[in-house]
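Asks: Below, each chain spelled out in residue letters.
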Amino acid sequence: MNAPDARAAVAAPPPPPAAAGPVLVLSAITKSYGPTIANQALSFAIAPGEVVGLIGANGAGKSTLMRILAGVALPDGGRIEVAGAEVDFARFSPQRARESGIRIVHQELSLCGSLTVAENFYVEQPTAGGRSVLWHRRFEALARTHLEAIFPGNGIDPRAPVGTLAIAQRQMVEIARASADPRLRILILDEPTSALDVRRSEDLQRFIAARAKAGVAVIFISHKLHEVAALAGRILVMRNGRLVRDAAATALAVPQMVEAMAGEAAATLATVQAASGVARTPGAVLAEISPPFAATPLRLAGGEIIGLAGLEGSGQPEFLRALHAAAGGQARAGVRCRARAAYVSGDRRGEGVFPLWNVLANATIGRIATGRALAWLNPAAEYTAARPWLDSVQLPPERQGAPILSLSGGNQQKVLMARALMTDAEIILLDDPTRGVDVAVKQEFYRLIRAAAGAGKLVVWYSSETIEFLECDRVLLFHEGEVRRTLEGAAASEDAILSAAFAERVGARAAHAPGRRGRGLGGHLPKLVPAIVLALLFALIAALNRNAASLFGLDLLAGAAVPLVFVACGQMFVVGGSEIDLGVGAFAGLANVLSATVLPARPALGLLTLALALGGYALLGLLMQARAIPAIVVTLGASFIWAGIGYALQPTPGGSAPAWLAALASGHVLGVPASIVSILAAAAVAALLNGARLGAVLRGFGANPRAMVQGGWSARYGAMLRYAIAGAFALTAGLAMTAINTASDINAGGSYTLLSIASVVVGGCALAGGEIAPLGVVCGALSLSLIGSLLGFLDVSTDYNAAVQGGLLIGILMLRQALAWRRR
Amino acid sequence: MAAFSRRWLLALTAATLALAAPPPARAAAPVIALSNAYYGNTWRHQMVEAFQAAAMAAKKQGLISNYIILNGDGSVAQQMAQMSDLILKHVNAIVIDSASNTALNGIIAKACAAGITVLAFDSIVSAPCSYKLNFDFTGYQATMTKWILDKIGGKGNIVVVRGVKGSAPDHDMYASQMAVVKKYPAVKVAATVYGQATGSVAQAAVSNVLPSLPHIAAVLAQGGGDDYGIAQAFVQYGGSYANKPPIIAGGGSSNFIHWWAAEAKKNGYTTISMNTTPGIGGAAFWLTLDILKGAKAPNYMVMPVATVTAKNLAQFASMKPGTIVSPTYTNAWVKAHLLHGK
Amino acid sequence: MAAAMSALAWLRANRWSFSAIGILLLWLVLAITTARFSLQSLSGVAASAAFLAVVATGQMFAVATGGGNIDLSIPSVITLSAYATMILSRGTDAGLILALPAIAAIGIVTGAANAFLILKLRIPAIIATLAVGYVLDTATLLTNRRFTTFAVSPALHALAVGRVFGVPIILLLATGLAACASLLIRRTGYGRTLMAVGQNAVAARLAGARVARVTAAAFLLSGLLASLDGALLSAHAGGAFLEMGRPYLLQSVGAVVVGGTPIFGGSATPLGTLSGAVFLILIVTTMQIAGLPGGIQDMVQGGVIIAVLAAAGSGLSRRTA
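Chains as they are written, first to last, in the numbering used here: chain L, 22 to 845; chain A, 23 to 364; chain V, 1210 to 1530.
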């Protein structure tokens, strides 16, 4: 399928009806978050086929508006009409938004890293593949088609896990995914080209134009004003939550856009320029920058304000981190630092704020963490010490004892600033601190920064708003991770910086199509480790005892492992959902008891009790989601319950196996003993489940639950399903125990729990979740079982079993780490 | 996985399956193996030592060509793996002190099918093909309980300390004790706790409940070292038990016997101790050897227990601390008492 | 109504209160069942709870480091150090003095090994501590073979078994430990930094904390407390036994969690851990006295853990989100 056809195929949805009105109408949409008004009385209409650029400074309210349109947030007031139908906010949700034809590509990517590209397409649009069993192929084709349509020659393998793709490729996948929806009426792109290079940006622009012609309305948010000017037919400017300009693109040139966005900032611009006329004499040299960060060595001195400019993704935050690490004593190539540094992050939630604490504790932690370990803390003294700093950042005293999360973003940022200023660090590192902060607070920040520099500190400031660099004494222009130009003093005007930044980009080497990741042995090796370990173990055993290498021997060795294999498969699905099940072994024991006591005597009742038990297991998942209790604790409590029920039913081992079950255990299939068949069956069933749509959904929840929920999947349902599967495997393990031993013992299942966790980890599934590797886990379980046998054949005392198990666990994980590091 | 790794796996599997080989011929003099589920307490230590002593003697006399001892960690999974090992090593006989009454039946059946003689002792199994050498848990507990309840005059409060939760011996012993208690309506069970046949656990369990209980006249137990733990619990509690400890059912541990002797000297304390003897390890060995040599034995045999009363208390005064009362059983004894029926 | 709401809010804010309420309720049940109403009925439980509280405090520090960290090597440390104490002290006080460094070393080296695996090799804590525990199990088994003595050093015995005005010394030690831990957490730089690391390790690092050192110290503490507890346990029981530590594995996690420390870290309450330990032991004891069959006892234990968390749970998680 060659590209032009693909593009034609994709770009031909049915043309809109001739007399169609606007596809989107907003009337007086208002939204507040606590004291901050994020959107105020927004009203506008968009016609089908319009390309609208939405611009505004950080914190202007664009993201909030997009969240409302996408169904993630609900407005406090106002109406929205989509294609003539009014939106019922009581029932609006991301799924409903998608049904109405609104698709959004977020700035924070919402892909599930451990799922393949094709599976990510599935998760967003489950119905697109029909009901076929070959759904993988369908979605791979879908993914390929849409990727090619937008970005020809992208070379992205739809079967590759998204986590292995470069960030530019991931952005391409997200965009392709959103545009693949046949119901698409309104496509919203939030900073779509932030990670794309020139060629791909142009591809995207062409695609947007094509879709617009076909009737899809496109809203895109961007800080790249030249791009907006080139692409949009109409421009909406937001400032402080309001819509301040709504004009045709031809009527607004870039400077006018800036003025509309900045508004009062333009006035502050004047004051800024006036204030920065005050010269500061640089103090001692505090840091030296050399390759790889700067081709020609640079010296940074106290009292200076250094700006890190350049387009997003040029490496400024990485430089700040390196500087922070170097200041903390770690050696970093290219940075030598002789002073301590304090860091102020703009990503408040992810890197800044300690959510359980109040304002005071958040502010003082900087000083405390860098102080002596056994320093005695006195709350009253803390308060007295912190008070002046909090006052200096204009934080009202009555808020100082409040929980940090109750503050607005701007105020939270002030606390982070106070934290940095409170330490004795000579260097202050600012990582885009004014992101999402309103103008008045920004003013205070500039004042603080000036004061800090005036007090002799070195301020290194990365900002995504070029206008802020006017505060700086020197501006370092970053591109591809290093400093390309230094602009000083008057030369560092906003225009100069912007044009320099763009010039760098245009002059950059033409980007080549990202190649496919090498899929030779190196790529496969981690997955093969469990199988290789198993093979080695078995080879050793066979070498020591030839009997072991016969079917008879295999049957014996495998027989002991059957219950563990099943329990490990169950645990695998739970770990795939990023949780840990401490009750799975006890549940297997309960199934063992039920199937050896109730089942033989009264089969119908026995089956019923087994089914009820399984239902109870699934309900655990529901309980965890409903009450937000961690799985590890719920399953721990549940393990007591399963054991208690089993013990109440059968205080002493005994019972008998139903005839059909015992026959299964001793049977053969095509000459292969039942034990081996059942292990292979476990692996096969687990692999089937994993390869089915179900598996993709479960792994998706493990990888990125928020994205899944926003995609319309129910977390509760997913949890119930996950635990139902785990319970089913554990139940089968119990049945196997009954079959093999023809009796039951409630204590026999307990030891499998921790071993199952070990098996899962040995088998290659990260405890962080999102991965399910049936073959690996089965090999892992078999390996752990065989260790005992191997040591027996080596005539090593069984005392060493445990140490060997522990060593194997650590060894395999170390090996996997080493492989992962080498790949980077 | 891609085709590449699938091919690897197939190759590996094919290669290993192709290695099927017939088992080698057996050695002339037999090899006897001991599969002991748990090595974690004194009783088990002594039992394994008894087996080893007997085996070494037999090996010296050329009666066996070798012996193997495998100790587990108490889990069924590990003992099953050990049994698989022994089967693959084609030993002639396996003597097993099992982790579970039922969970090893499957592997034992496989052993019998492979022509291996299996003798289960102490913690026996329900597999039909295995010989069983058991203690009469029910019988001796009934005797002991009756003696103790008679001693307290048939009335008063007692505490019952059970054994390993969920195990067959615990179930049998408890049932037997309760059957006797029922016959004394004036005796009240004030509390039932689990001692897990371990001194420290029994001590903690009794200490926990003691303050909430009325005065206790006697304590029933199951042995395995719990007797000394129970005694310590009462000693540490003090109070009304300071010079008049309750009658504690002894489990044959030397620490308890020493304590009993001291108490007897101090205030005439008296009790009874009956215990299963770890010497059964040796008895089981000789029994198995005799069966291998062709002796006929019943499928189910019963070992006697050791009894300590005030009368023979002095005999045990020189026992080393941390040991359990047990005679050494010789081959002659086995021939006389087990093979020719009782 | 408003009073009830604010009372509930206070309860949620002071998470140890749930287990404290549980203790009161159980005490009541105990009193009714046995027709005795006295502080004495709690005293029997006191010693067992004290031993549990000591290791649970160590577990609490490990859990507080955040990220789902947990210390599964505790039972193995307890058992091994019990053996070491018995063998090295040989029943004399002089021997005890010689044995003490070894005992401390067991705990500290284990903690260091755990920290190394978790921090440098990036192995998840649950696996790392599990593996280290396995290795220690082998060491214990090997030690067990040479184990012959049952003599306890008198000083240690006095500590483990003695009473002061009827209160077990071990309970005083556990309470003192809870107090010190509380001071450490609330009033020292280390404690504050540890709580920061548990809430958000990245933010803590950027704020200047030495995350690796803080985490390692927490695991060292956990190991040390477990080894000291093992030594005391051996004196209390008059010997060392395999499986001595096994009950403490899940019970330590239970005490921590029921006591109100979030399993994902960032906050810790030693007082709650102590009361959680008392609560758990009291549950078992009450059920035994009430004569509940064994199976029901297990079910109740599990149900209680879940119930306490379901009641207190959602309040916590919203704040840690």
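Rather than coming from a laboratory, the hints here were simulated on the basis of the structure.
Think of the CB as a built atom: it goes at the ideal place given N, C-alpha and C, for glycine as much as any other residue.
Don't take every hint at face value.
If you want the footprint, here are the derived chain A segments under chain L, 3+ residues with CB under 8 Å [claimed, not checked]:
(1) 81-94
(2) 189-199
(3) 228-236
(4) 244-257
Computed beta-carbon distance windows for the label pairs [stated by the list, open to error]:
(5) 684/L / 357/A: 47 to 57 Å
(6) 283/A / 629/L: 36 to 46 Å
(7) 371/L / 1499/V: 26 to 36 Å
(8) 1501/V / 50/A: 34 to 44 Å
(9) 1237/V / 208/A: 26 to 36 Å
(10) 309/L / 1411/V: 23 to 33 Å
(11) 623/L / 1395/V: 29 to 39 Å
(12) 1375/V / 835/L: 45 to 55 Å
(13) 1375/V / 350/L: 38 to 48 Å
(14) 1331/V / 277/L: 47 to 57 Å
(15) 210/A / 1395/V: 26 to 36 Å
(16) 815/L / 1354/V: 11 to 21 Å
(17) 1411/V / 254/L: 39 to 49 Å
Every beta carbon over 12 Å from chain V, so not counted as near; a handful from chain L, in silico [what the hints assert, rightly or not]:
(18) 235
(19) 274
(20) 342
(21) 452
(22) 641
Asks: Each hint should be assessed against the structure and marked as holding or not.
Replies: Hint check:
no. : hint                       : result
1   : 81-94                      : holds (count 3)
2   : 189-199                    : holds (count 5)
3   : 228-236                    : violated (count 0)
4   : 244-257                    : violated (count 0)
5   : 684/L / 357/A: 47 to 57 Å  : violated, 41 Å
6   : 283/A / 629/L: 36 to 46 Å  : violated, 59 Å
7   : 371/L / 1499/V: 26 to 36 Å : violated, 50 Å
8   : 1501/V / 50/A: 34 to 44 Å  : violated, 59 Å
9   : 1237/V / 208/A: 26 to 36 Å : holds, 30 Å
10  : 309/L / 1411/V: 23 to 33 Å : holds, 27 Å
11  : 623/L / 1395/V: 29 to 39 Å : violated, 59 Å
12  : 1375/V / 835/L: 45 to 55 Å : holds, 53 Å
13  : 1375/V / 350/L: 38 to 48 Å : violated, 54 Å
14  : 1331/V / 277/L: 47 to 57 Å : holds, 52 Å
15  : 210/A / 1395/V: 26 to 36 Å : violated, 49 Å
16  : 815/L / 1354/V: 11 to 21 Å : holds, 19 Å
17  : 1411/V / 254/L: 39 to 49 Å : holds, 42 Å
18  : 235                        : holds, 41 Å
19  : 274                        : holds, 40 Å
20  : 342                        : violated, 9 Å
21  : 452                        : violated, 9 Å
22  : 641                        : violated, 9 Å
Violated hints, listed in ascending order, are 3, 4, 5, 6, 7, 8, 11, 13, 15, 20, 21, 22; each of the other numbered hints is respected by the structure.
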